[in-house]
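**Student:** Residue numbers (my numbering), protein chains in the order written: chain B, 1 to 149; chain E, 1 to 297.
Incorrect hints may have been included.
[To be verified] Partner residues aside, some chain E positions facing chain B, computed with beta carbon under 8 Å:
# : residue
1 : Val3
2 : Asn5
3 : Asp43
4 : Leu45
5 : Asp48
6 : Thr62
7 : Asp147
8 : Ser282
9 : Val283
These are computed hints drawn from the structure, not numbers from a lab. C-beta: ideal position from N, C-alpha, C; glycine also.
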Amino acid sequence: MRPTVTAPVELPPRLAELVDDFSGVGVKDRLQLLLELSEELPALPAKYSGHRESMEQVHECQTPLFLAVEVDPEHTVRLFFDAPLEAPTTRGFASIMHTGLDGESADTVLGVPNDFYLALGLGEAVSPLRLRGMAAMLARIKNQVRSAG
Amino acid sequence: MPVPNDTNPKLAAYAHPERLVTTDWLAEHLGEPGLAVVESDEDVLLYDTGHIPGSVKVDWHTELNDPVTRDYVNGTRFAELLGEKGISRDTTVVIYGDRNNWWAAYALWVFSLFGHADVRLLDGGRAKWVAEGREVTREVPTPATVDYPVVERDDSVIRAFKDEVLAHLGQPLVDVRSPGEYSGELLHMPDYPQEGAVRGGHIPGAASVPWARAAAEDATFKSRDDLEAIYQQEQGLSPTDEVIAYCRIGERSSHTWFVLTHLLGFAHVRNYDGSWTEWGNSVRVPIATGTERGSVK
């Protein structure tokens with residue numbers, strides 16, 4: 001049976017760039033790239049810092065990850081993440097989401113294919129099991145964008 | 001020359017004190033010939049953010065598991081892996097990691113399947129080393145490859161498979177997952193299907209002893225007396241019992257396997273690594289739900 005053919009979805013530019021970066025290098029360098037991204041995850045702004053109750057926990061991540069999504073009147077999506085320094089992989093995943101999706105429109109975020117992360121080639125580097133957190137993160141971001149809209 | 005054991009008095013009270021070293025001991029012996037230090041974490045990148053000088057990383061998922069079959073690597077691959085890390089058959093290996101040594105204990109258990117003789121855990125793991133302000137580095141060592149013999153895994157002594165668990169029903173089982181996973185309620189969270197299992201609950205007759213109860217605040221193992229109070233007095237287990245421990249994929253239960261076997265001296269403990277992701281997805285195996293142990297009808 002052939003899969004349903006759908007029109008290719010264009011990823012937002014910075015997310016597409018990340019996919020290119022990751023898929024263009026070997027497994028070892030992908031880990032290095034993820035490590036660098038984990039270090040670039042912005043700190044929480046004061047309004048969320050110390051206010052985890054106002055954020056949503058992503059239970060599917062092996063380590064605690066908290067997420068907040070804002071959609072402004074122009075439908076621009078803002079993303080905020082909080083994960084401990086001892087969880088660099090989770091921080092790296094969050095940083096991919098932040099780099100790729102923060103500042104995009106709600107429609108663009110909702111249009112990102114749920115399985116886009118497979119193209120990053122991280123399955124080989126970190127194991128498919130660990131990637132579940134990434135799928136869950138995107139699903140929860142989309143849910144929040146939808147309920148804000 | 002063999003690397004000496006740690007003679008710290010806290011460790012001396014355990015059944016097999018030679019299986020643990022303290023951070024003091026490790027700091028003193030770092031770099032000695034015949035000693036290899038291995039970091040094994042849940043987080044595959046944590047080692048890369050800084051690790052104990054001279055230590056090498058062994059990742060449980062990408063290095064100790066077979067990439068295709070749900071199983072551990074075979075003897076050939078294990079020999080290659082350890083050889084590349086500069087570990088010989090007679091090397092003393094000290095493993096440490098994040099989360100109270102959860103994954104470190106898993107790695108130690110896998111090393112034990114291959115019969116690596118001298119493999120120890122760092123009491124308190126990564127957290128204690130870091131909390132004490134000891135040196136960490138990002139410098140990754142490049143050990144010269146050494147010969148490690150191809151030794152086939154022995155799955156018959158410390159590993160249990162599903163059929164063996166079925167045959168074991170009625171004898172002691174320890175479920176080391178969280179209370180919510182044990183009772184089965186975690187499968188019923190609205191909107192978010194949990195990983196893996198289509199059925200929730202536990203293996204009938206299993207005692208619920210979450211694995212982290214064996215760890216103290218500072219991530220070290222609790223004292224022998226405290227551990228006996230939990231597993232022997234409270235749960236009624238005896239060192240001569242045949243015990244099978246399990247969790248979701250066999251990692252947390254490796255920690256409990258270590259506690260029962262090496263710290264309390266139980267002689268017949270097996271880890272069921274298929275654990276709940278196998279049991280909870282299997283057709284027609286008995287399951288108990290709720291907080292009671294339940295029994296096989």
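**Student:** Which of the numbered hints above does this structure break?
**Tutor:** 1, 2, 7, 8, 9
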